[in-house]
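Going down the list, the sequences are from chains Z and X.
If you want this note's numbering, it's the position in the first sequence, counting the first as 1, plus 344.
If you want this note's numbering, it's the position in the second sequence, counting the first as 1, plus 14.
No wet-lab data here; the hints were simulated from the structure.
A couple of the hints might just be wrong.
Unchecked claim - Simulated DEER-style distance windows between Cβ atoms:
| # | chain 1 | residue 1 | chain 2 | residue 2 | range |
| --- | --- | --- | --- | --- | --- |
| 1 | Z | Gly625 | X | Asp264 | 46 to 54 Å |
| 2 | X | Lys247 | Z | Ala504 | 51 to 59 Å |
| 3 | X | Glu205 | Z | Asp380 | 56 to 64 Å |
| 4 | Z | Ser473 | X | Glu286 | 49 to 57 Å |
| 5 | Z | Pro628 | X | Glu286 | 54 to 62 Å |
| 6 | X | Ser199 | Z | His528 | 32 to 40 Å |
| 7 | X | Glu286 | Z | Asp380 | 42 to 50 Å |
| 8 | X | Lys261 | Z | Ala434 | 32 to 40 Å |
As the list claims (entries may be wrong) - Every beta carbon over 12 Å from chain Z, so not counted as near; a handful from chain X, in silico:
| # | residue |
| --- | --- |
| 9 | Gly153 |
| 10 | Ala190 |
| 11 | Glu232 |
| 12 | Gln239 |
The beta carbon of each residue, even a glycine, is placed where N, CA and C say it ideally should be.
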Amino acid sequence: MAFGHPGWQLESNPFPSASVALSPLSDSGQLSYYFDFYEWRDTGRVAYIDAQGRVQVFQLASGPTMTFLISGPTGCGRSSLENLILFELAQRSGEPLVVSQRLSLSAQDNFTRGTMLVQDLEDAVRQRSQAVADTILSTFSRWQQLTPPGVQPDITNLLARIRRNIEQGLPGAPIVVSFDALDHSIGHDTGLEALEMVQGFADVAILSVTIPDHASFVRSRFSSRQRPVAWINAPRIQESAFRQYLERRMGAERAAGSTPPHATYPLSDEAISTLFAPAEGSGPVELSIRLAIQKLAGALAYKERAMATSPTMSPQLDAEDVRRSFARQ
Amino acid sequence: MRRNRPALGAGLALALSPAPAHSETEAAKPAVLISNNLSVVRLRQPFFGGPFEPRCLRFRITSARKVRLTVSTIGLGRSRLAGGGQGCPPLDGAAWADRLFVSLDGSFHARTLALRVDPALAQTAELAEGEIVAVDEAGNRASAALKAGPNPPSSLWTAFTWFLGLLAPILVGGIATEGFRRRQSWNSEKEALDSFRELRGTSIAVACEEIKIVLEAEHMERPGQMIYDILNKHGILESLPRSTRRKMTDYCRANQTSAIVQLMRKQFPMCEEDLTASGPRR
């Protein structure tokens with residue numbers, strides 16, 4: 345069954361994940377949707393995505409917590425990249441126990457953050473082993489009882505105990521703690537404090553931030569303390585890179601035996617340029633990859649509807665088609 | 015040489031001989047006339063210590079009889095006389111004398127003489143009331159009154175001096191008060207900074223370490239913004255005197271890390287080691 349108009353010569357939808365993050369852990373077929381436009385800052389530890397969507401360099405540190413820093417604006421593929429790292433981790437070290445926490449201004453102290461983390465971890469463990477989850481709960485209760493009233497609770501101590509529980513109950517399961525600092529108002533130190541808290545507890549810690557300088561700061565701090573760290577920046581995409589992405593996507597979804605007039609067909613060069621057309625007086629336009637894909641997916645849907653009413657219309661999307669679809673989006 | 019403009023409108027000074035002692039008996043004798051165009055000569059006051067400029071005035075002297083006269087001035091300081099038929103001689107020349115001997119042939123042919131008014135009269139508070147005097151061999155005397163003195167102050171100048179007289183004390187007082195206030199404010203800000211340095215040593219040390227991390231970081235687009243956040247978080251920015259704070263904010267905004275480091279070292283010498291060891295990348 346073909347996708348869209350038969351004249352497009354596409355076997356299936358080239359943009360099936362236009363509005364959600366890729367997750368190869370749940371569907372390894374999504375690996376083929378990855379495109380390497382990322383800026384790899386520590387190529388000795390983690391770098392480059394190959395044509396099959398696999399990370400070419402993936403060096404985990406043995407022993408201390410390996411920290412991944414992912415930075416970039418919203419819609420630039422940070423979550424997809426995080427999921428790819430989890431996939432690679434699962435391939436190499438076994439299925440990880442993943443705990444995700446969203447960093448917010450309201451829960452900035454380590455006590456709140458740490459206890460929430462333990463609760464989430466207990467949920468994740470319970471899906472694998474009721475007994476280990478119960479052990480975690482009792483460890484947590486004991487820790488609370490042992491903390492004298494009025495004394496600052498030692499969250500590091502709690503996390504060390506929980507880690508021992510997991511090592512004994514679920515040996516070999518890597519613990520991954522992921523912090524997401526999406527709020528722009530969160531300072532550079534919030535993510536740093538959260539990462540510091542899980543050092544020695546998590547096998548892998550991931551911090552996702554919108555401001556690249558925050559990632560740079562954390563990386564600089566960790567490097568100065570000889571902690572293994574890798575930073576990947578997810579920038580907005582430029583027209584030339586997006587063309588390459590489209591060529592790959594269209595090529596992958598092309599119907600067998602088809603002979604398209606050009607690699608991005610049915611998207612004409614003008615249609616793609618229209619997407620990145622700068623406003624008057626402004627410089628080159630860069631878009632988040634999510635927005636660029638959503639716009640083109642919308643343009644394809646618009647064209648398909650238009651051709652249903654005018655069958656004689658050319659199947660190729662030109663600049664006018666894209667502009668009209670934008671006006672309707 | 016620059017010439018002074020007439021200070022007043024044209025006037026006529028006329029003196030008739032004889033001198034008071036002979037006025038009754040000699041009334042019928044031909045008169046000696048001294049005429050000039052001015053009765054008052056105004057002298058310009060030099061600006062800001064410049065030289066006083068003398069002023070030349072020409073007048074005519076005639077007589078109905080043949081007479082030999084001695085012409086001089088009275089009450090006009092060291093004013094000098096010279097022949098003025100060809101106009102005023104050079105004011106600093108040698109032609110000038112305290113008195114002139116003039117022979118008139120009695121045909122009412124006028125002789126033109128020049129008077130160089132003593133420039134020192136520009137310094138007097140009031141007009142000097144003098145005379146040009148002509149005395150013949152018999153002691154008969156003719157004279158023309160002439161007043162000389164400084165230019166009267168203009169109304170604008172008067173207004174200005176009044177204004178200055180009123181405003182100056184206010185200005186001086188205001189400046190002194192403002193200076194005192196600023197000094198006090200600076201002192202209190204400095205005291206606050208000293209106390210901050212003393213009491214918040216740990217915060218300062220942490221901030222300096224964090225700044226060092228920023229300076230060493232790679233691919234940082236806006237290190238100034240990061241440093242600003244750090245300074246703000248640790249209360250350092252607030253502790254700085256207002257002018258220093260403004261400077262620091264400007265440096266942060268412009269990402270001038272070298273200037274930031276320099277200012278930090280100056281304000282917090284305890285950071286010297288951290289910030290020297292790292293050194294700015296940019």
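Now for the hints, and whether the structure bears them out:
no. : hint                               : result
1   : Gly625(Z) to Asp264(X): 46 to 54 Å : violated (28 Å)
2   : Lys247(X) to Ala504(Z): 51 to 59 Å : violated (29 Å)
3   : Glu205(X) to Asp380(Z): 56 to 64 Å : holds (58 Å)
4   : Ser473(Z) to Glu286(X): 49 to 57 Å : holds (55 Å)
5   : Pro628(Z) to Glu286(X): 54 to 62 Å : violated (44 Å)
6   : Ser199(X) to His528(Z): 32 to 40 Å : holds (36 Å)
7   : Glu286(X) to Asp380(Z): 42 to 50 Å : holds (45 Å)
8   : Lys261(X) to Ala434(Z): 32 to 40 Å : violated (53 Å)
9   : Gly153                             : holds (100 Å)
10  : Ala190                             : holds (45 Å)
11  : Glu232                             : violated (7 Å)
12  : Gln239                             : violated (7 Å)
Hints 1, 2, 5, 8, 11, 12 from the earlier list are contradicted by this structure; the remaining hints agree with it.
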